[in-house]
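Peer 1: Chain by chain, the residues run as shown.
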Amino acid sequence: MYFRCKNCGGNVVYSPEKHTMFCPFCESEKSQELSNGTSPEMTICPNCGGEITVEKHTSATQCPYCDSYLILNERVEGEYLPKLILPFQLGKESCKQSIREKFKRNLFAPTDFLSESRLNGMQGMYVPYWLYNYDTHCFFQGEGTKVRTWTSGNTQYTETSYYAVNRDMDIHFDKIPVDASEAMPDDVMDLMEPYNYGQLIDFNPEFMSGFYAEKYNMPADAVEARARKKMDEDAAVMLKQSYAGYHSVRVVNQGSNVKGSSSCFGLLPVWKYLYTYQDQEYPFYVNGQTGKIVGEVPVSRKKVWAYTGTLWGCVAALLYMVPLLLKFLR
Amino acid sequence: MSDNYREEAIKQYLRHFRVWFIIVAIAVVVTLVAGIIYSGREGRANSSAPKERVYDEADILTDAEEEKLRKYIAEKEARYRADFVILTFSQPVEGQEALEYGCRSTDWEENMMDIADDFWDENGYGYNRDFEGDGSILIDNRYPGQRGEWLSTSGKVEDALSVRAVENVLYAVDDYYDSDPCRAYMRYIDKVCSYLDGGVQLGGVYYLGAFVVSLIIAGVYAASHLGKNRAQDTTAVNAYVAGGKPELKDQRDDFIRKNVVKRKIETSSSTRGGGRSSGGGGHHTSRSGASHGGGGHRH
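Sequences listed follow chains H and Z, in order. Under this note's numbering, the first residue of the first sequence is numbered 1, with each subsequent residue one higher. Under this note's numbering, the first residue of the second sequence is numbered 1, with each subsequent residue one higher.
Since the hints were made in silico from the structure, they are not lab data. Glycine included, C-beta positions come from ideal geometry on N, C-alpha and C. There could be a bad hint or two in this list.
Claimed, not checked - Okay, derived cross-link-like pairs now, SDA-like style, lysine to any residue, Cα gap no bigger than 25 Å in a straight line: (1) H:Lys272 with H:Cys66; (2) Z:Lys245 with H:Leu200; (3) Z:Lys262 with H:Arg148; (4) Z:Lys245 with H:Tyr197; (5) H:Lys175 with Z:Lys245; (6) H:Lys229 with Z:Leu248; (7) H:Lys240 with Z:Lys156; (8) H:Lys302 with Z:Val19; (9) Z:Lys11 with H:Arg250; (10) Z:Lys76 with Z:Thr62; (11) H:Lys302 with H:Arg105; (12) Z:Lys191 with Z:Tyr207; (13) H:Lys240 with H:Asn166; (14) H:Lys92 with Z:Val220; (15) Z:Lys249 with H:Asp135; (16) H:Lys102 with Z:Tyr13; (17) H:Lys56 with H:Asp67; (18) Z:Lys245 with H:Asp168; (19) H:Lys102 with Z:Tyr221; (20) H:Lys302 with Z:Ala222; (21) Z:Lys249 with H:Arg250; (22) H:Lys102 with Z:Arg6; (23) H:Lys327 with Z:Leu248; (24) Z:Lys245 with H:Ala244; (25) H:Lys146 with Z:Ala45; (26) Z:Lys245 with H:Asp135; (27) H:Lys302 with H:Leu324; (28) H:Lys259 with Z:Gln251; (29) Z:Lys156 with H:Leu324; (30) Z:Lys258 with H:Trp150; (31) H:Lys104 with H:Thr290; (32) H:Lys327 with Z:Val24; (33) H:Lys327 with Z:Arg79.
To be verified - Negatives, chain H to chain Z, calculated, CB over 12 Å: (34) Lys6; (35) Asn7; (36) His19; (37) Glu27; (38) Ser28; (39) Glu33; (40) Ile52.
All chains, full assembly: derive it from the sequences and hints.
Peer 2: Right under this line is the structure:
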């Protein structure tokens, strides 16, 4: 499917800046009508009829011939129907600006790294996520000490008080995200977090128009271990925080168990900027909601040598001139 | 890289280093101008002082050595624009014997200092003027039982030589004081000249240090720009907790027992450290009212 403008026939896309559907051709808003084209095949563009290459997990893509953004019906329906979607809040221009702002002080980055033409190549995509809910029960039993020290005359007193510490708590984890895309590096996707779920809404394919997307690549139980790990770590920290204030704590018994769990499939927004330098790819990912950027800037060795060498030369020249100048001025 | 990006890269580079380039350019210009003025300075302004620089009253140098020293001093004087005088003698400068000899006190140091300062002042030495002019004198007393040398400095030499520097000059003389007096006196001239070279009191060590320091600064600069902008985990532990916090069902802290430990505080007695005073003289005013620096070593 794709969204056609009722006014001009152009492809209507979702505009993060305007927070609505927008036709970039006639600039009209909310003028979209759903079109499924004439071909039922996924490899034929329903707008121009051109043949498109569709990757295994792609659910939204762009036609290389007419540039229309297409949503593959079969991959957003049935078992692949996302329950939730977090629409892009950050448009391409804002994203480019964020990247420029963040990396402008990277002296040793290649000169064209932040160029308009390179940044224009960035793509917005909805990454498939499994969102896990857990009702967790945690408990702790231990012995804590509090130490008080005071001085009277020439004697120092140290009082150690011992307490039996008991904690019992329920933690309701709500939508712990784990990406379900083989193409996205797990560590990078973890760093993309957090997302503000206040803007998470029921799925509507309109939000996908203008962006790339994937269906989930693997089922929920295949990646749940990552969610459990996040949950265990966070629960342990919260449990520890609950008995903070003791000088020392000896653990007698502690543990946690999950009383109930569920999961749902959702799409979260990510901008991807792929920069190629000396035959090596440097991917940058930007959280499409918060603007958080993850990626490692390439280093131009020529620049490192030129800049460092110049600074060394300047400092050395100044230091070497000092004794000469003192001699001449005497 | 296209020409546009190459141009942009050069612009970025020049923009980044513009302050450095301006500072270095100013420093080069100032140094060049100072160098030109320095090399163009007129010669010796003081014509009232005697031409003689080597007075071997104790007769410890051969004629050839005296001549060698005179030539050496003439060469250094022209280059450093400072007078270098050497006086050897043999007379009592300590105790009752010194008073009988016309000295003002019985103290070795005071008398050596007086002799050096007076010889300099009364002869009107000083490269640029005959009072507080630039230069130094080394006097060497070979009187049995009261041997030793004293260095008196004046003008820019006084400014250039700290107490420690005076000590270093005297140590350089001491190395050959007995074995080769001529060499000892040449060492005196060399050492004073090295201090006149400016901030190079450590000689080659300074240049090596400057090289290393600039290398370290450049290294820190490179490292500080290489390790930037790595993303951090900014997800709070309660980011996915409904309500932002756990629901505490039980929170009991039951007191079990306590114990108290007493410790007597020891009062530490203060220690008295001993210092070691160093010899050598500093700045002072001679009997004629001129400012001198210097110091001496007794053998």
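Peer 1: Any of the earlier hints contradicted here, and which numbers?
Peer 2: 7, 9, 14, 23, 25 and 27
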